[in-house]
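J.: Take a look at the letters that make up each chain.
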Amino acid sequence: MLRIDGLSAGYGRLEVLHAVSFTVERDLPTVMLGANGAGKTTLCRVISGLIPARAGGIVLDGADITRLSPAERVRAGIALVPEGRQVFPDMTVRENLRLGAYVHGEPGRTGFDAVFAMFPILAQRQNQRAGLLSGGEQQMLALARALMSRPRLLLLDEPSQGLAPKAVALIAETVNRIAATGVGVLLVEQNLILAQAIARHAVVLETGTCVADGPAGDLLAGGAVADSYLGKTRRHRHVV
Amino acid sequence: MMDPLASSRHGFIRTVAAASAMLVAACAVSLQLNDYYLYVVTIGAIFAVLAVSFDVLLGYTGYLSLAHGALYGLGAYICAVLTARHGLPFWAALPVAGLATGAAGALVALLSFRTRGLYFAVLTLGIGLVGHQLFLVFDQVTGGVGGFVGIPGPEQPAWLPVSPVAYAALLALALLWVTFVAASLFVRSKLGAACLAVREDITLARALGIRVAAARLSAFAFSATFAGLAGALFAAISSFIAPESFTVLGTGFQLVALVVVGGMGTLWGPVVGAILLTALPEALRVASTYSLLAYGVLLLVCVIFAPKGIASLISAAVRRFRGKSKPAPDPARLRREATP
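Respectively, the protein sequence lines represent chains A and B. For the record, in the first sequence the residue sitting at position 125 is 125 according to UniProt numbering, with numbers rising by one throughout. For the record, in the second sequence the residue sitting at position 23 is 23 according to UniProt numbering, with numbers rising by one throughout.
Only chain A is shown next, with the shape it has when bound in the complex (with noise of 0.2 Å):
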């Protein structure tokens, strides 16, 4: 459903992806391997419009996006949740909620009323102000409003960042969910449990190009990952 076809990009003179290619297929949610500084945020980016591409494109079911603006991609169905606990947290859990679906007008009860049946505890919440919610709640709310756009692909910058495991697992169950109702999903992350947890095929990003990509479970299992996605162990292995 989403096809990267030699995509690049970057900030000022540095250029950070280069020719990137990859596709994401509506019933294989995917997971995008990459260590820090591999380019993942930045390809979140240039996917939801945030920065221009500068070579390639970005095609999603069979419609050129490339050169959209981000509220026409939201529009056409793509909802980033970015990376951090991005909630707005002097707003209330509703307000977020409603900024959601901002490209579509006003959400109305049963706009409100299909999230919140996936998340009864924002239901709860509804008129607190999102910062007194915990850090999963956080991570919670920002999935939830990345719904009431009604999206065709869920676009996840790294959602395990600073959660407890427990945290982690809620939300590996909740992408899942979301999953089965026929949403596609790109999950950029490092936390290889919650990418085991949601991923069928999985893509590995180092230093702005693809190494590596193929099933999921071939990939996470196989040295591949821990060959080229974490630097770290293959100098431990010179060490040894």
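These are computed hints drawn from the structure, not numbers from a lab. Some hints here could point you the wrong way.
If you only want the chain A side, here are some residues facing chain B, beta carbon under 8 Å, derived [what the hints assert, rightly or not]:
hint, residue
1, Ser48
2, Ile51
3, Ala71
4, Arg75
5, Leu80
6, Glu83
7, Gln86
8, Phe88
9, Met91
10, Leu99
11, Gly108
12, Phe112
13, Asp113
Note that the structure is a prediction, hence the values are computed from the model and not measured. For every residue, glycine included, the Cβ atom is placed at its ideal position computed from N, Cα and C.
Guided by the hints, dock chain B onto chain A, whose structure is given.
T.: Leaving out everything else, chain B in the frame of chain A:
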């Protein structure tokens, strides 16, 4: 900064009801006052209109504009020219002045939103200075430094048998009500929510599909429209206007003080600020030699003892008062219960 209940429709109805009650009370009290205090009420209400409109910009987008005084003046001169030179009735000139000033505000926004933070403030400072100079330079239209004389007052309906001075005060209070309700609607609207989102986190806002430029432009145009309406009413009520009423250093900075002292981003705080900082010094003019000093001391005291504005003090007092009957939930306990 936002009242958790304020987002609901219920909250809006309650806000309008409270504003309406305040309007009725203010009108009833005003009718008992002598002409001098009626004038104080009028000026206080007009500055409150300016402060509320300014808060939509400063409080909800976080952008400090110093061009607001010039926009206020633009509304005043448009009304003056239309009524005195072209014989338009006040009630026709008022909406024209508002809309034209709103359009001018949109132009200012297009020019100035290329910059951020201090640069935005400095750029709007330039626009404010140029605007003020234009009022002086185009003396064929504006009367220049001598001022614009003989602006007809607002037509008074026969069913309202009050003195013209009292009528002016009632009009200013009514405009304040309209401005407050319109601003409450705006900040609860999709665009208002978008402005807040942009202020809090511009990257996240863009990722959600919010068009940053459109959100800011709408806030600026909204704000300018009501500044224009305030100017038009000021012109018609005063019958005389001069460029000195619309300077950057006078009106422009005074608005910043009103909104900051009252409480940014609350809409009602700036009303309190306007009453405290424009009506009070005026009412205390008995000791006129000390009135500017009193103003300065008042500003100092407010900012030292209520750094987040008088509105935050009042909110805290109300919360404490309510807390006696119903203990507020402890956030830490809520968080513990919430952790999965």
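J.: Work down the list of hints and note, for each, if the structure agrees.
T.: Outcome of the hint check:
1. Ser48: Holds: closest Cβ of chain B sits about 6 Å from serine 48 of chain A, inside 8 Å.
2. Ile51: Violated: closest Cβ of chain B sits about 10 Å from isoleucine 51 of chain A, beyond 8 Å.
3. Ala71: 4 Å, holds
4. Arg75: Where the cut-off is 8 Å and the nearest Cβ of chain B is about 7 Å from arginine 75 of chain A, the hint holds.
5. Leu80: Since the shortest Cβ distance to chain B is 5 Å, the answer is holds.
6. Glu83: 11 Å, violated
7. Gln86: Hint on glutamine 86 of chain A: holds, closest Cβ of chain B at ~5 Å, below 8 Å.
8. Phe88: OK, holds: phenylalanine 88 of chain A within 8 Å of chain B, min 5 Å.
9. Met91: Cβ of methionine 91 of chain A sits 6 Å from chain B, so the hint holds.
10. Leu99: 5 Å, holds
11. Gly108: Because about 12 Å separates glycine 108 of chain A from the closest Cβ in chain B, which is outside the 8 Å limit, the hint is violated.
12. Phe112: 12 Å, violated
13. Asp113: 16 Å, violated
When each numbered hint is compared with the structure, violations occur for hints 2, 6, 11, 12 and 13.
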